[in-house]
Amino acid sequence: MKRFLKEISLFSALILVLYFLFYFLFLQFTLPRRNNAVYIWGDSQMYQDLDLASLNKNTRYHFYSSALHGAGLYDFFVFCESVPENANVLVEISQHTIVRRKDMDRNYSALNLHALYTLFKNNYSFNELSKIVNNNVVPHTLFIDKNEVYAAKDTLTLTEPISLFEAAYATRPPCVQDKINIYVSCLQLLNYKHCHIAGIVFPSHPILNKIEQGSSFYPELLSFQAQMSRFFMQKDTVIIPSNKNIFEDLTHLNARGANYLSTEVAAKLNFSNPATLIYATY
Amino acid sequence: MLFNSFSFFVFLCITFFLYWRLNRNLAQQNFLLLIASYFFYGWWNYKFLFLLIFSTFLDYFTGIKISEALTRPAKKRWLFASLLINLGFLGFFKYYHFFVENFAALLLRFGVHADMWTLNIILPVGISFYTFHGMSYVFDIYNGKIKPTRNFVDYSVFVSFFPLLVAGPIERATHLLPQVEKPREFTYEKAVDGLRQILWGLFKKMVIADNCAAVVNMTFNHPSAYSGSTLLMGAVFFAFQIYGDFSGYSDIALGTARLLGFELLRNFAFPYFSRDIAEFWRRWHISLSSWFRDYVYYPLGGSRCGTLKTVRNIFIIFIVSGFWHGANWTFIAWGAINAICFLPLLLLNKNRQNLEIVAQGRLFPTFRELISVVLTFGLTVFAWIFFRSNSIAHACNYIKGICSRSLFTMPQLLPARLLIFLFLFLITEWIGREQQYAIARLGLRWPKPLRWSMYILIIFTIFYCFGAQQQFIYFQF
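First to last, the sequence lines map onto chains H and S. Take the first sequence: its letters are residues 1 to 282, numbered as in our numbering. Take the second sequence: its letters are residues 1 to 477, numbered as in our numbering.
FYI, nobody ran anything at the bench for these hints, they're computed from the structure. Each hint should be verified, as a subset may be incorrect.
Derived SDA-like pairs (lysine to any residue); straight-line CA-CA distance at most 20 Å [claimed, not checked]: (1) K57(H) x A255(H); (2) K2(H) x C13(S); (3) K6(H) x L444(S); (4) K6(H) x F17(S); (5) K448(S) x L10(H); (6) K76(S) x K147(S); (7) K6(H) x R21(S); (8) K146(H) x G70(H).
With the rest of the complex left out, here is chain S (with noise of 0.2 Å):
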């Protein structure tokens, strides 16, 4: 089920009645989270829900177990059988062809042909968000900071949650799980804050995000057939789309969530107005990077070990991150392109001179900080070619495809109303960086009418300028 569907309408409009019909009761909401969750990820493939429903049971076993195991010893066996477990069937559903058609290949390299054994393997949409939910869960026991809950539905909420069940964002037990033990409380400015962001998610995902692919799909499937500028601009608008896509995602998700009474973790945090890529890597997905440094960097040694094992500790999070993404090497090409970009901040101790919001305060941004701004969006942009590429050679292509005279000539294509759309989309974004999404707090203080009108013009701009409806992007992960 499609955030952007209507099917997901009636699925949150009926979802939303009975949830706050059972406000007096804790344990029915809290069932009945778990069945619209379940009913929401079977609507795409009943047959995973089973993949699901072990997941989850296993974390909350071993999160038991390691709870009442009295040594570290036996605590550290149950989280490895955990690990083992979770590991092996996201490597086993996402990672399995990747692994096997690379071992043939080598092997050929040496003049064996062998006839691997290959699978039709399904990847279960949001494997790799559900198992980091549950392997956190069981970090976060093993390392003391949380207690096992006894009660299984509650877990499963919060490993099932729909809103953030298939792509996000990454939460952690420590935060969400204390709010689905509470009860919770209606209040008219939470939902109404929560459509105010569900309404700008869906405005990045259907205006900005879908518009963006129809140019991106040219260029990246034909770039022999585009001049240097239009390849450049072809790059330029998979940046909008994959941010618009995901961080649209993200704002639908925490603006249902917000409906129900939660609050999920912030995933974006605007971006493309960072002034280095340390600065972009704290802003962008943050839940998934903010998980690989508290549960793989730190427990490595993080940044506090001598410079070698810094720089080995860096590649190793951006190059697990690139993975994560997808069992391509194009992924692990991009997550080390981002560590070469970040280790140069690292190691002059330059990776957090840029903590505060770009221009706080202020409308305009210094000189300074727009050069930095504009320099770091063309870095991230680099490194998104070998993201949306589908193989190394392919990247390298489009990149000499950029790399050559007519890079210097118009583009062949200009889409007009797009540039439109995405002149209008900055400056928004811009206005609206000091909030938690762009149109936070947006007409708040305007006469009801003309709030009103302003909802109105987005609704009418994503019903009459949408584009094609794509997958969204992060599914695939």
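Bound-form chain H, shown alone (with noise of 0.2 Å):
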């Protein structure tokens, strides 16, 4: 039973070695790391709102996104994580990450245990900890440089209906300000690593901006707009014109209103001057 107990332990603790030496090798080798480099975090509506290609063709940078559909707060702090110091990056402010129950977050992206202590200090519990270990046993790549925008079509696509939406606005989810204070410290991280930030709030569907101010916590949501404002030096808006359909759902733009979009914010991108927000609008 000793020799058994022994070898297991010796294999055990090798493979959790190897484990380890595999999974940080593989972050690293999967980290794009060019001068011109700018690294995108945001949930799907960075996916689907923002075209790389164009931002590519159309700018000095080459842009890589970790922009994943229901990202959460979790991939935010892993993706501030694992940014190169003085990395070029460009973020979205977004209140729909922070109004999405927990459990409806991705939370894909690496293991780490910084951004698994500060979700602990914000309240979450063991179980949803505990989850999000699960979802990133294995690594995955955090970054790509190509993506696909919506059709442009000329009629919403409703993949969900409107009542989910008012249903997620009609009561407070209680996560708001923990989710808000990771927001906080995820911008702080990137501010200490003395990164160059330019932010983007994309515009949702009239039908859904009426929604929110309808809610009972919409103060809250202001309030979470003007503490990341604070980190942003200089405000910036594009109008993105809307004399057609530009969205394909409540949340994403189509096509029309993505490559206007794309165009734009690629004009107005400069990781030289102080941090930017952009706010997209129509």
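Need the complex rebuilt from these two chains, each delivered in its own frame; the hints are there to steer you.
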């Protein structure tokens, strides 16, 4: 028995060391390291509303995106931990992310103790954290440099009923303040790493705007925007022409809106300037 | 609790250490096994634990009563009482809806619209397995093969031993009960061998079966969307899925039991290297085939009661075996197809012509052996289409889809990584076909660093290449 236990302990230790070594090397090797790299983080709005090909074509930068549908703040923290010091970063300031229920967050990026600890400090339960660990046991490639925007259509495609959004904004989700705190921690971390930050706020469909404005915790959402804007020295606006339908659904632009926005953002982005927050509207 | 889950890993570690800590006290060790087994089962749904305990008590009690009965008719009465209740439970939980729906459909044919009483019945996991454990015990006592045990804990461990509780192998009291009653010794070699078998089982389940499942689900869910070649590939992949899934489960069960000092019945012996259907059935789900042979086929007269009765017996055993798998006509069709393929061999007295392992002692098979293996595999794939389909019509559509002109085009899905895995898997299985499981002897004489590297390679392959987690197919039976 002693021999068995000794060997099994040694073997398990070896497996653990190799696992973490491989995990670390995987993340290091898959992290793009170009001088003109811009690292992007956001949820589905960032994924669908900005065309990476257009940004690459119209700027002197090369864009790498870790935007994901349903990305959670754990993913944002991992992103902030992963980007190199002094990196150029473009991040989404999204109130949908803070309103979304914790269990709906994708949290699919990489294992990171600091990120887990930050979530723990902000009232994430052991169960919620273990689900995140479970999601990330196998490392994933964090960054992509190609994406596909939604096709331009003249009508909305409502894959989720409006009642779902109404329900989401009907009562204040208990996690709002925790998520705001994590958002702040993420931006502080980027500042600490001397990153050149640009932010973007994507537009929502008027129906959703109305639902948001009617919610009981709308003042809290405004306060979130105000808190976020403190991290940016400059503000800028892109107005997307809306004489034709620019939305795929309530939260995402279609190709018409996304292409216009991408071209305009490309023209405005300059990471030599102080941190800029771009409000996209219509 | 799934064998390929973190919770099972923790459960097994705790059970293993506590179990061997109690090495000097057999009663305590068995009691721990019983508690662990009930915990394992209750993790899924604790309410059905009562059914398991009731079923255990029923067979324990009737076993004693059969033994105590002085006359043959009295023994028979107890046997029938036990069978009635056991099969009654099985019939209610597993086949109630099937019979109600088919009865309603039959009445409708005669113009009677019957509003049948349907229930929302949940099938208790493993009911077919533990019911068969208990029934084999009662049969063996009735036939005088064993004496009933008076120790309820020992008997309960035999019925609900967690490695085999939910998906077998279906153990016999003559084989497992004596092991429960005797002290077990920890041996380093056995424990390591158990871990190797668990590792290989996990590889089969998580890399082979779960990756095949993705393609199989696509082709079987939308057969009209795919070409004949893709559908054929889907059917072949299902053959590997079900083999990887079920034999993988059995390997994990056998390996886990070996870690605890038990030897369970072998359930698979490289069935896809069979040269005819008879050999396939000696190598596939061995514990179930032998159960039906001993408790259904032989009592019916087997093959020694004239041609017609032999044909009847063969059909009964295969159709009952199919029906055991699930309450659907597709399983019955699957059983019937196997019976049709098996019958000519039996009638021509060729069913026992391939008793030894294919190409035994040689690396390569002869051309004749190769052709026989491929043809037998083709027949099993054909039968698996019925097994996997939702209905007979679905299976017929699927086969029709295969037998189209597009059979000779390139498949629409070509999962390169999976094909490489399947190729390596088949080679490993072929090399290890004379062993208990494919990697039983592989690398045993290699230097330790090299052997450990092989284990690490398998672990990392499982880790990085596993498919989306699917429940073990045989849990539903």
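Quiz item: Do the alpha carbons of K57(H) and A255(H) lie within 20 Å of each other, as the hint requires?
Solution: holds, 16 Å
Quiz item: Straight-line Cα separation of K76(S) and K147(S) no greater than 20 Å?
Solution: holds, 16 Å
Quiz item: For the pair supplied as a hint, K146(H) and G70(H), is the alpha-carbon distance within the 20 Å limit?
Solution: holds, 18 Å
Self-check item: Agreement of K6(H) and F17(S) with the hint, judged by alpha carbon distance not exceeding 20 Å
Solution: holds, 14 Å
Quiz item: Quick one, are K6(H) and L444(S) close enough, alpha carbons at most 20 Å?
Solution: holds, 19 Å
Quiz item: Has the given pair, K6(H) with R21(S), been kept, meaning a C-alpha gap of at most 20 Å?
Solution: Given that 20 Å is the threshold and the Cα spacing comes to 16 Å, the pair holds.
Practice problem: Could you grab the alpha-carbon distance between K448(S) and L10(H) and see if it respects the 20 Å cut-off? | Solution: holds, 12 Å
Quiz item: Going straight from one Cα to the other, do K2(H) and C13(S) come out at no more than 20 Å?
Solution: holds, 15 Å
In summary, the structure agrees with every hint in the numbered list given earlier.
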